[in-house]
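Novice: Can you build the whole structure from these sequences, using the hints too?
So the protein sequences, as listed, match chains V and P. Using this note's numbering, read the first sequence as starting at 1 and increasing by one per residue. Using this note's numbering, read the second sequence as starting at 1 and increasing by one per residue.
No lab work stands behind these hints, which were simulated from the structure alone. Please note: incorrect hints may appear among the correct ones.
Unchecked claim - Each computed DSBU-like pair below joins lysine-lysine, with the alpha-carbon atoms no more than 35 Å apart:
1. P:K106 - P:K56
2. P:K110 - V:K57
3. V:K57 - P:K56
4. P:K110 - P:K56
5. V:K57 - P:K42
6. V:K53 - P:K42
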Amino acid sequence: DAGITQSPRHKVTETGTPVTLRCHQTENHRYMYWYRQDPGHGLRLIHYSYGVKDTDKGEVSDGYSVSRSKTEDFLLTLESATSSQTSVYFCASQQGAGNTIYFGEGSWLTVV
Amino acid sequence: QKEVEQNSGPLSVPEGAIASLNCTYSDRVSQSFFWYRQYSGKSPELIMSIYSNGDKEDGRFTAQLNKASQYVSLLIRDSQPSDSATYLCAVNRGSQGNLIFGKGTKLSVKP
Chain V
1 DAGITQSPRH KVTETGTPVT LRCHQTENHR YMYWYRQDPG HGLRLIHYSY
51 GVKDTDKGEV SDGYSVSRSK TEDFLLTLES ATSSQTSVYF CASQQGAGNT
101 IYFGEGSWLT VV
Chain P
1 QKEVEQNSGP LSVPEGAIAS LNCTYSDRVS QSFFWYRQYS GKSPELIMSI
51 YSNGDKEDGR FTAQLNKASQ YVSLLIRDSQ PSDSATYLCA VNRGSQGNLI
101 FGKGTKLSVK P
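Specialist: Below, the structure written as C-alpha cells:
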C-alpha cells in the first residue's frame, strides 16, 4: 500500500467556518488529488496537483482551494464551509500520468 | 453523455458464480483503464489495470478492454461473499494524470 495519510479523519464543523484537510504521502509521487464522494455521484475530482506549486481545478472546484508547498503534502481548504460540502473526501497520489492512483483512508466531513 | 458509465446495480450472484461488471467510456483518447473495489466505509483499492485491447487475467479476476467499442469489463470467477463491494471503473484520459470514475456497480455475492 502507498503511504498516504489524511487528517483529520473525522470532523464536524459549523457553516461559515474555514476547514483544512491535510494529505501526506511518503512515496515521492508527483501527482496528488482531492476527490469527494457522495451517494449518487460517485467520486468527483475537486483539485489536483502535478508538482510543487502546480495545481489545477477539477470538475467540482467551487468553494475549495488547494496548496502544495512540498512534494509530500497537499492541503484542501474550504474557505467558508457549507452544508453541501458535507461529504467524504479522499486524497490520492500517483507516480506519473497513466500509473496507478492510490487512495488515502478518507476524511469524513460534516458541516452543520 | 456521462464520461464513464456503469450500471449501478445491485448485481446479485450466487457464491461460486461468475460476476460480470461492465463499463463504457466516451473519450476515444483514453489510454489507461482501472478497476477499483470499495468496501462500505473504506477507500477504493486497485484490483486491475489494463492498457491494451484484449484480456488480462490476475487470479480470479479478468479485465477485458475493447477500445473500438469503448468498453471495459471485469469478470470475477468463483465469486465469494467477500467480493461483495462496490466496483469502480476509472479511465485516464490521454496525457492527463487524473482519473475519471464511473459511479460504481454494487455487487452482492449470496452464500
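Novice: Does each hint fit the structure? Answer for all of them.
Specialist: For each hint, the structure was consulted:
no., hint, in the structure
1, P:K106 - P:K56, "22 Å, holds"
2, P:K110 - V:K57, "41 Å, violated"
3, V:K57 - P:K56, "33 Å, holds"
4, P:K110 - P:K56, "26 Å, holds"
5, V:K57 - P:K42, "25 Å, holds"
6, V:K53 - P:K42, "30 Å, holds"
Violated hint: 2 only; the structure is consistent with all others.
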